[in-house]
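Engineer: Please take these sequences and the hints and turn them into a complete structure.
Okay, so the sequence shown: first residue is 1 according to the numbering used here, each after it adds one.
Read the hints as simulated data drawn from the structure, not as lab findings.
Keep in mind that the hints are not guaranteed to be accurate.
[As the list claims (entries may be wrong)] Estimated spans, in silico, between C-beta atoms of each pair: (1) 124 <-> 53: 14 to 22 Å; (2) 9 <-> 119: 21 to 29 Å; (3) 150 <-> 123: 40 to 48 Å; (4) 116 <-> 40: 19 to 27 Å; (5) 101 <-> 25: 17 to 25 Å; (6) 123 <-> 41: 29 to 37 Å.
Here a beta-carbon is modelled for each residue, glycine too, at the ideal position from N, C-alpha and C.
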Amino acid sequence: MIRAFVVAPTPMILAGLHAMLATGEIQVVGESASPAEMIVELPTIDVIVVDHLLLEDVARAIANDSSAGRIALVVLTNSGERPLPTLRTLALRGWGVVPVEATSAELQAVVTAVAQGFVVLPVALSGQFSEPRPVVVGTLNLSSPDEALTNREREVLELVSQGLSSYTHLTLPT
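Structural biologist: Now the structure itself:
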């Protein structure tokens, strides 16, 4: 059972998130409009679900707690770029960014994933974490003296590069 705590600025958002998260796998152990009440519950929390407006306050509370490395955090936001610098600086078990228009199933999936130590992002934001790799197209020089390949290895590579099997030479007339 994943124990979640919800931090959001209004009672309506708190109630909505509580209803969206309540499943057999997720138990909402508390909810608050400020991180102050969350600090008391911190030892019993697996995942904190927070509205982006309160992320900085929650981040400060987590950073000052000794159990920060075992807590996961899910941020609800309408602009995914804002929470990324803050999330990257925290010692968290896992974290995720969820758009405010996410469905109950999507929110539950993210909570489950971050509780297991994963980082979950919308596809649009994932490109910020990886640098594009250049595509290298070239030829393979099998006769290079730096390569320590046997004659058979060179032969097999030559056959495979032509789309043939390494056993093709056995069926070819000699």
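Engineer: Compare the structure with each hint and give your call.
Structural biologist: Evaluation of the provided hints:
no.: 1; hint: 124 <-> 53: 14 to 22 Å; result: 21 Å, holds
no.: 2; hint: 9 <-> 119: 21 to 29 Å; result: 25 Å, holds
no.: 3; hint: 150 <-> 123: 40 to 48 Å; result: 45 Å, holds
no.: 4; hint: 116 <-> 40: 19 to 27 Å; result: 25 Å, holds
no.: 5; hint: 101 <-> 25: 17 to 25 Å; result: 23 Å, holds
no.: 6; hint: 123 <-> 41: 29 to 37 Å; result: 33 Å, holds
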